[in-house]
Amino acid sequence: MAQELGWKELPEGDALKAGTAADFHTGDWRSKRPIKDDKTCINCLFCYIYCPDSAVKVKDGKVIEIDYNYCKGCGICENVCPVKPVKAIKMVSER
Amino acid sequence: MVQVVAKTGNEAMAEAMRQINPDVVAAYPITPATEIVMIFSQFVADGLVDTVYVPVESEHSAMSATIAASAAGARAMTGTSSQGLALMYEMLPIASALRLPIVMPEVNRALSGPINIHNDHSDTFAARDFGWIQIFSENSQEAYDNMLQAVKIAEHPKVKLPAMVTTDGFIISHCLEKIEILDDGTVKEYIGKFPAYTKLLDTSNPITLGALDLQNYYFEHKRQVAEAMKTSKDIILEIGKDFGKKFGREYGFFEKYKLDDAEMAIVCLGSFAGSAKAVIDEYREKGVKIGLLKIRVYRPFPDEEIAAALEHLKAVAVVEKCDGFAAKGGPLYDEIKSCLYDKKQRPLVIDYITGLGGREITHSQIIEIFDELKHTASSGKIKEAVQYKGVR
Amino acid sequence: MATLKELAVREDRLTGGHRMCPGCGAPIIVRQALMAVKEPVVVVSATGCLEVSTTIFPYSAWKVPFLHSAFENSAATMSGVEAAYTSLKKQGKITGDTKFIAFGGDGGTYDIGFQSLSGAMERGHDMLYICYDNQAYMNTSVQRSGATPRGASTTTEPAGKVKQGKVMTRKDLTECMVAHNIPYAAQTIVGDWRDLTKKVEKAMSIKGPKFINVLQPCQLGWGYRMDLTIELGKLAADTCFWPLYEVENGKYTLSYTPKEKKPLAEFLKPQNRFRHLFKPENQKLLEELQADVDRKWELLKKKCDCFGTEK
Ligand SMILES: Cc1ncc(C[n+]2csc(CCOP(=O)(O)OP(=O)(O)O)c2C)c(N)n1
Ligand code: SF4
Ligand code: SF4
Ligand code: SF4
Ligand SMILES: [Mg+2]
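Residue numbers (my numbering), protein chains in the order written: chain A, 1 to 95; chain B, 1 to 392; chain C, 1 to 311.
Isolated chain A (complex conformation) (with noise of 0.2 Å):
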């Protein structure tokens, strides 16, 4: 966490750089934790579009990584998964 400024160091004004939520995690609301097997996913990417905190990575078309420090363990994209009968992202206990 940032060190919070006094009133005379803070930027005057309810003002913001974009994007700052980058810094805060919210990995340890997780309770279960999405795991991705690389063989049998099809990179459809619905997990991708679908998820709700930005946490699944796209590069060159293929999901590359999940990105815990943001994701909150919902299992949307183990539900969206279409991939039979084995989804190819589990969600699996964090203990």
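In case anyone wonders, no lab produced these hints; they're calculated from the structure.
Hints are all accurate, no fakes.
Pairwise CB distance ranges, derived in the manner of DEER restraints:
| hint | chain 1 | residue 1 | chain 2 | residue 2 | range |
| --- | --- | --- | --- | --- | --- |
| 1 | B | Val44 | C | Glu11 | 33 to 41 Å |
| 2 | B | Asp50 | A | Gly61 | 45 to 53 Å |
| 3 | A | Arg33 | C | Gln290 | 37 to 45 Å |
| 4 | A | Ile42 | C | Glu260 | 21 to 29 Å |
| 5 | C | Thr140 | B | Val44 | 36 to 44 Å |
| 6 | A | Ser31 | C | Lys161 | 33 to 41 Å |
| 7 | C | Lys161 | A | Asp23 | 44 to 52 Å |
Pulled from the structure, derived: some chain A residues nowhere near chain B, Cβ distances all over 12 Å:
| hint | residue |
| --- | --- |
| 8 | Lys36 |
| 9 | Asp38 |
| 10 | Asn43 |
| 11 | Cys44 |
| 12 | Val83 |
| 13 | Val86 |
For clarity, every value in this text was computed on a predicted model and none was experimentally measured.
All C-beta atoms, glycine included, are put in the ideal place defined by N, C-alpha and C.
Given chain A's structure and the hints, the job is docking chains B and C with the ligands onto it.
Chains B and C with the ligands only, in chain A's frame:
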């Protein structure tokens, strides 16, 4: 070049707005401020300004859109009165918290209910603690001059706060007076370019405005507003002096009328000062040492300066057009008394709540006030501290 | 119409690290909507879950310019931003092509912000207003709104011994917007990324006021398992509880017709807010709700037939 013209308060304010040529005006009509909006709309229709005019569906939206336009990086204005200002109340402290230099003409009118369209100061007084600079005008000339100065004050880098300039509904807003108008080029040069401190439209440097402040930041942001309000005092004086140098009419926090050698005084705001001055002259002729202090800048409240101007007096009558409804008198009385409290020697202070809903303050009532003031000064005793004047 | 691969190349304009509930549908709408805009975009939001959770000082999840001021004024606020843009552009003080999107929850749109929205749409500002409709005031703990459907239990119209949740039928805001004669009004859901991004993309290509109403499942307020957000959105469309359609210059088009219209109960069942409807004594109410959905669906189809694109 200076032009002498006959203008009502509303016309003078609209004329100032035309010369300021704001980028955006978002406004909604309300008596007695409607004319400002109508006159200005005609300027827009005739291509006399660069302004994009947003004919909003309410004053809440007027202030919301004005705040947004200002945050976007535009010089933005609106104007209103009474119920309209009341509908804006939610937005007013947001404008100051975002540090937006919005300038707003406000024509003082009584707050409903009962509904009434005439002048008192209850609307502006209710908005006194929202981080807005409040400048009152005695006549059309002051309204015009104050509008131009308000832009300079609000946009000053050490201030960055919204400002409202008020006139008394009908008494000033609709009363034709001869005033001096500067030429367009002079005003343009005087107010300068809009310094856009926040630029929401700059998509290559994106910012977030209006984030949720919790216990850990709200207080600091509010403290900054308070400090800017305090700092604005110096700037207001500086700009008032400079205005005098440039255009011949100097302004301060208040006007002192025959005050320095006085033994007693009236403290008031707005158009009432005109009537009071005339009666003061009558009393002065009779050798009564009475004077007047007309507050121009009500926020930031020039407490020390007012106290210094009044401390030598024996008695002061605050004449105000707003009730505190069983507070310790009206709001102005509260503040005058509290700023005098720290002085070793201080006058007795009587509060006259008067003129509500446009009720005329008659010559004989002013005489009554003066006579009671005289009696208070000589006896050293207050008969009744808070009084209503002119109510049946 | 961008493919998923194309969308994925574009920058995510909402970062992680915001404080919405796990599985919330609202950030899904925002991510998809902003991905669908190729141009620079300025965003405004009303007070509500979305704004409160994405901008907690000093953390902002928005990578685009973002402004919030109050609850009921998202549309008026965007009017001001757009007016500033128009003015500064006209005067040659700025250049470029910027798009404007205002967000509001159902409370901030159907109820307290209705006047502001109506005014802005009537005035013709060039903006897209997106209502993320989770059918209650979620930020303040699930109070009923004008968008809450009949029979739903909320904290201000709860189901009890003598009342079965909300008594009145919800307001049809999309049709209210159609009645404003704006060039584009549409309805979509969280759960069909293609439909949502397509509609936003289309809205961006149209000048003037646009409105999209997005049904947003809210795991907390609706009371369902947080991984079911997308499924619930799909069920809303498959049961015709929330038809996907658009109205372009008065022309109605259905965006989606379920192969087989599912019974409303399939959408209601997974949600706690409708739990009481499945008591035997509420059988009749449930039937009425189904009949209401059927009637509205038929009416919409008729509108599409009568006022649809020529075939
Ligand atoms: C004028 C005003 N009244 C009430 C509130 C309290 N309030 C804040 S958010 C909210 C409800 C928001 O509901 P909605 O627009 O549906 O958004 P959601 O929270 O569901 O995302 C309420 C009642 C407020 N902030 N301002
Ligand atoms: S569990 Fe939820 S938050 Fe985590 S990656 Fe999957 S969809 Fe995103
Ligand atoms: S949804 Fe499944 S198959 Fe598709 S990209 Fe994600 S993990 Fe791979
Ligand atoms: S309460 Fe509902 S809408 Fe609000 S953040 Fe949680 S899931 Fe989202
Ligand atoms: Mg809601």
